[in-house]
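Visitor: So you can see what is in the structure, the chains are spelled out below.
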Amino acid sequence: MVRVRDLKFSLRAFARAYPWRRIDPIPVTHLAQPIACCRVGLVSTAGLVVPGDVPFDAGRRGGDFSCRVIPADSEVRMLEEHHRSDAFDHAGIAADRNMGLPLDRLHDMAAAGDLGEVAPRHVSLMGSITARGRLVRHTLPVVADLFIEDRVDVVLLVPV
Amino acid sequence: MGLAQAELERRGIVTASITMLPEITARIGVPRSLEVPFPLGYPLGVPNEPGVQRAILGSLLRLLESDDVPVVGRFTAAGS
Chain A
9 MVRVRDLKFS LRAFARAYPW RRIDPIPVTH LAQPIACCRV GLVSTAGLVV
59 PGDVPFDAGR RGGDFSCRVI PADSEVRMLE EHHRSDAFDH AGIAADRNMG
109 LPLDRLHDMA AAGDLGEVAP RHVSLMGSIT ARGRLVRHTL PVVADLFIED
159 RVDVVLLVPV
Chain B
1409 MGLAQAELER RGIVTASITM LPEITARIGV PRSLEVPFPL GYPLGVPNEP
1459 GVQRAILGSL LRLLESDDVP VVGRFTAAGS
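As they're listed, the protein sequences go chains A and B. Those letters in the first sequence? Residues 9 to 168, per this note's numbering, in order. Those letters in the second sequence? Residues 1409 to 1488, per this note's numbering, in order.
Calculated directly from the structure, the hints in this document are not laboratory data. Virtual Cβ for every residue (Gly too), placed ideally from N, Cα, C. Certain hints may be false.
[Claimed, not checked] Covered stretches of chain A (in silico footprint by chain B; criterion: 3 or more residues with CB under 8 Å from a CB of chain B, positions within the stretch not fixed):
1) 30–36
2) 59–68
3) 76–89
4) 112–126
5) 133–145
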């Protein structure tokens, strides 16, 4: 893990000054069935898109709050990363897209019976969104709708 | 990421998230998170190491079995 005090100066200053909003009470849904029976989806903030899809706009003020769908049968190694933040090292994702969206691993685990099945669609966001109101109002309800429509039981969230 | 997690839980989907910055995650408040001992950009640990990546996802899935939430798990290289 990373401690805030160990971040580089600009990020450390941001992390300390940003008005992180406390979610209280924390909404909670409990599992209704064993994981081996659950349909599992992924949300990534690595800014990955399927080749040919509209790229994220790294220059957008407040951050690009849009989302992209990553179909379950996507070729993970072909996904394009559009995140331009210098807050993290991009080399890991450049070497292996599963570092940002571990879709191949989800398929492995479904085949091994560690989970029920892989959701048909997964969601890609581009992190570093400071104008979070637009994300909350416009994007996240659409993300939830998508997973509900696909009858997804569990979503694993992977930040970068 | 905490906001996305909250929206999904509110809508009836069970979630768990990876975090490399547990101090921030603790300030936001999420139902289930797994601290991983890796730098930013490396939530799944090591590129092209499927075993490590599956172990991390396995630890994440195990958090879902806890009725006692919020729950914070810790992944260690030795497995957790």
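Visitor: Please list, smallest to largest, the hint numbers that this structure does not respect.
Guide: 2 and 3
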